[in-house]
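*Asks:* Chains A and B, in that order, are what the protein sequence lines are.
In this text, residue positions in the first sequence follow this note's numbering: the first is 1048, and each later residue adds one.
In this text, residue positions in the second sequence follow this note's numbering: the first is 6, and each later residue adds one.
In short, the hints are calculated from the structure, not lab data.
Since no wrong hints were added, every one of them can be taken at face value.
Residues of chain A clear of chain B, computed beta-carbon distances all greater than 12 Å: (1) Val1063; (2) Val1064; (3) Ile1069; (4) Cys1108; (5) Ala1110; (6) Glu1114; (7) Ser1139; (8) Ile1145; (9) Glu1176; (10) Asp1180; (11) Lys1181; (12) Asp1183; (13) Cys1187; (14) His1188; (15) Asn1189.
Pairwise CB distance ranges (calculated): (16) A:Glu1195 / B:Lys120: 24 to 34 Å; (17) B:Tyr86 / A:His1083: 21 to 31 Å; (18) B:Leu102 / A:Asn1170: 26 to 36 Å; (19) A:Leu1120 / B:His79: 25 to 35 Å; (20) A:Glu1135 / B:Ile166: 34 to 44 Å; (21) A:Val1076 / B:Lys201: 22 to 32 Å; (22) B:Ile123 / A:Gln1144: 35 to 45 Å; (23) B:Gly167 / A:Val1175: 40 to 50 Å; (24) B:Phe19 / A:Gly1079: 45 to 55 Å; (25) A:Glu1135 / B:Ile82: 14 to 24 Å; (26) B:Leu244 / A:Asn1170: 30 to 40 Å; (27) A:Phe1059 / B:Lys201: 49 to 59 Å.
Derived list of chain A stretches under chain B, where covered just means 3 residues or more per stretch with a C-beta under 8 Å from a C-beta of chain B: (28) 1083 to 1096; (29) 1099 to 1106; (30) 1124 to 1136; (31) 1152 to 1166.
Bear in mind that the values here come from a model prediction, so they are computed numbers and not experimental data.
Quick reminder that beta carbons are idealized off the backbone N, C-alpha and C, glycines included.
Listed here are the chains, written in short residue letters.
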Amino acid sequence: MPPQLKVLLPLFAIIVVVFVVIRHFLVPVSFGENGHYRANSLIDNANKEMVYASKKMCVECHADIGEKLQSDLHASLSCVVCHGPGLEHSNSPKTVQIIKMSGRDHCGRCHAINPARLKEAVNQIDVVEHHKDKKDCIECHNPHAVWELKK
Amino acid sequence: MGTKKISNSRRAFFKTSAALVGALAVSSLLDPLKALVITTEEPKNEGPWWGIGIDIKKCIGCGLCAKSCKAENHVPIQPFYFRNWVEQYTILNDGTLKVISPNGGIDGFKTNEPKEDIFKTFFVPKMCNHCAKSPCTQVCPVGATFVSPDGVVLIDDKYCIGCAYCVQACPYGCRYIHPEKKVADKCTLCYHRLKKGLAPACMEICPTGARIYGDLRDKNGIMIKFLKEHDCQVLKPSLNTGSKLNYNGLSKEIR
Chain A
1048 MPPQLKVLLP LFAIIVVVFV VIRHFLVPVS FGENGHYRAN SLIDNANKEM
1098 VYASKKMCVE CHADIGEKLQ SDLHASLSCV VCHGPGLEHS NSPKTVQIIK
1148 MSGRDHCGRC HAINPARLKE AVNQIDVVEH HKDKKDCIEC HNPHAVWELK
1198 K
Chain B
6 MGTKKISNSR RAFFKTSAAL VGALAVSSLL DPLKALVITT EEPKNEGPWW
56 GIGIDIKKCI GCGLCAKSCK AENHVPIQPF YFRNWVEQYT ILNDGTLKVI
106 SPNGGIDGFK TNEPKEDIFK TFFVPKMCNH CAKSPCTQVC PVGATFVSPD
156 GVVLIDDKYC IGCAYCVQAC PYGCRYIHPE KKVADKCTLC YHRLKKGLAP
206 ACMEICPTGA RIYGDLRDKN GIMIKFLKEH DCQVLKPSLN TGSKLNYNGL
256 SKEIR
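One chain only, chain A, in its complex shape (with noise of 0.2 Å):
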């Protein structure tokens, strides 16, 4: 063995395992599992907190309006487009009361004239004009049912 070797192997064998052992506390848990990533970091990802209920868990109780819902021109809408996120209602219905969002500026989010809307994609008024007597849509459209005019 050539004289030089015998410092420069050891100084050698020093480096990988300092290395070896850097790496060790560097590198995080999981990593590259399944790739190169983090994967607990699926499992941060897929617990974060929901907002939004889904009309899933909205007609688990409120089977009567689904179903009035379903067999009108509101059928494709989710309860929360005008009742707000709703989880917290829907995690404790007693205590946390749901919100009803109505009015000319609410409805004309989908409803006010727009060139840019088709006609078939969804009905359109002059939401300022129409019935100016009145102050909110609510007044004469059931929104669960929405051809069901009140008198």
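Using the hints provided, position chain B relative to the given structure of chain A.
*Replies:* Below, chain B without anything else, positioned relative to chain A:
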């Protein structure tokens, strides 16, 4: 001497060229034109592989998708941070193109152009394309952004160093640096909802069903049906990002 040298090297050049062309022809016979075909390959694993469909003809620009996304994912409320937003394209009769997205469309849209001046106008909902060959994940120096086994592009916010390479790499402008967390942030297709079997917030709230999501492997599923029944296109197909967001009715003006 000089002429001889030139003809020698010319011969060598022809030999090399012939060998290269021959090798290319043989290899393309073995694996026909693989290099030329722009396809998106499915990963070889089990379970769903999520894709998205947006029907531009159904979008009425209510902006509820953008609004619900901000609430569901705690996106900063300043008007320039979005995981998902809606644009209104207006092409006037004189050929000018106007693209507006006031506050991402969250408060709805109001058209100011007189109707007779408008040649064409439509809404374009935008969000992360969840590319199969995503440029954003490839540039991450630490492995903090990745494509999940079910085809969703996610961010590991505990591991991200906030260098913003991915923000400039995304050709669709779908990423931003979160002002408080100082890490990259983007649409996760509401991964936390998907895993519970619920629709992403934007799709749950969409009143016309203009946005849909589904398993691209489920041959009887809603996404395959959407792709069968519509002539779909992705944004910037020339970039070969393997985008899994399919638009129906994508006009040539849309970028």
